[in-house]
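My request is simple: use the sequences and hints to build the entire structure.
Protein sequence lines, in the order shown, are assigned to chains A and B. Residues 119 to 361 in my numbering are what the first sequence lists, from first letter to last. Residues 50 to 355 in my numbering are what the second sequence lists, from first letter to last.
Wrong hints could be hidden among the right ones.
To be verified - DSSO-like, lysine-lysine: derived pairs with alpha carbons at most 27 Å apart: (1) A:210 - B:188; (2) A:326 - B:267; (3) B:188 - B:267; (4) A:228 - B:267; (5) A:210 - A:246; (6) B:301 - B:188; (7) B:188 - A:223.
Hints in this document: simulated from the structure, not taken from any laboratory.
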Amino acid sequence: MTQLALVIDLNVCVGCHACVTSCKEWNTQGEAGPLSDQNPYGRDPSGTFFNRVQTFEVGEFPHTQTVHFPKSCLHCEDPPCVPVCPTGASHKRAEDGIVLVDYDKCIGCKYCAWACPYGARELDEAQKVMKKCTLCVDRIYDASLAERDRKPACVLACPTSARLFGDIHDPQSQVSIAIREQGGYALMPEWGTHPANHYLPRRRTEAKLREEDLQRFDNPLKVDGLLPKPATGEPALDDVTSW
Amino acid sequence: MRPAWSVVLLTTLLGAGQGLFLALFGADLYDAARGRASLAPLFVAAAVAGSLALAGAGLAASFFHLGRPERAWRSAAMWRTSWLSREVIALPLFMALVAVYGALHWLGLLQAALVAGALAACACLALFVCTGMIYACLKFLQEWHSPLTVLNFMLLGSASGLTAATALAGWFDRTLEPGYRNAALIALALAAISRAATLVRNARLRPRSNLQTAIGVKHPQIAQQAQGAMGGSFNTREFFHGATLARLSLVKWFFAGAAFAAPAALLALGLPSAALAVQFAGLLAERWSFFAEARHPQNLYYQAIS
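Structure, rendered in structure tokens:
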């Protein structure tokens, strides 16, 4: 069985919000649209988005790291939002595992939003129905697009390739390998929702220098000199703290 | 959570309507068990009408919660999985059975009325369970995920219904008034114990989710710098009540007085109508507090705007 999902590399995300704007652009005019905005140029702007990038500061100044955290529907394998829906508008597709809302059946009771621990669902204030990430379901199967374009808009827009898209149930897919080999994890595992989307953790990005990278021990042509290594008796710069 | 007034009204009005019917049917059953038919027809009619009016008002209030109320008929579809869907079925069923019970009673068909009343009582209990389970089944809303939620809905609904029955008995059938008053006082005491147990339980809860599990970073010190939007979103509007801790505490003390202590005193003093009015105001505050005290884990993602 297929379970399509995104894998988001927090080590690579630079927080540029290109995924947010491309998501909004595609989905406001696609089958999911329009994603309405309220008062977009006024004092208190608001609107419907499938995807948002949040920023967190980890650690205490000055030893901090900035983590940019893209957040959208995680297409849980056991989605708590689906069984609570009284109309069947919220459903999980058997063929590819995408969790979708049928906007023609939704009554806007917001129960599914209450039942989602991640806050992935937003009520469209104009249409008064619940909306959420569709994994660009109207794009990834579109045979009129070139093969390389049949991916979610956010994945195509990401300038640092922080977003991977694929089938996490296929052990040889790019996303499965990334999860397996780069420590991919799920959000809030304590609730047993088994999110399909995974995140790759921040990693240390320090230079790894070994001594033989700095100094040629083999030195076959005897050209390279060795690094100067003063003897302990030689005078130091200040002539006081000599070792 | 932000308490929605439509749902606050739905659950309180519905509970009172259900409690009023259970009070009426209880008296009817007791009457029949002793081989008598002594209930004043006017009292039965008033109680049935009152129960239907309360449940109907709750049903009407629920429509204001929906974004697309014209599609409300669809909500009976998923009764296999959704407690909300089950409530949508149980509520009209309860009202229909109460109407049948009232009609049979009015026509003097007391045996048939007892059968219809028993079915209505079953629907009534099922409706209490459905209403409570809508909230109790959400496991990550830890404040609600407890059998006490269902018990509170039952006991608070029964207490307010019994107070209403005491008031109606005062007008239409004085012989029933002392019995109803005692039953209302007992129900109030039980409801107070159950609600206090919930408050104690919720005060001792430790949230299972935190910012570390929410974004998957294990460092103990994480501070949000941006939430992805400057002007708020559905997530900031729907899940934050915006009240201060002092206001929350004030509401708790208010409902402790208005939903429990004051009605009990007024009932004991023989003023059931005043007790009902005060109790309903208290129950509105109690239900507001019930929604406000639930801390949704999604709020972890919305701690700071920028």
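Hint check:
1. A:210 - B:188: Holds, at about 20 Å.
2. A:326 - B:267: 24 Å, holds
3. B:188 - B:267: 24 Å, holds
4. A:228 - B:267: 32 Å, violated
5. A:210 - A:246: Holds. Residue 210 of chain A to residue 246 of chain A sits at ~21 Å (cutoff 27 Å).
6. B:301 - B:188: Holds, because 24 Å separates the two Cα atoms, which is no more than 27 Å.
7. B:188 - A:223: Answer holds: residue 188 of chain B to residue 223 of chain A is near 26 Å, not above 27 Å.
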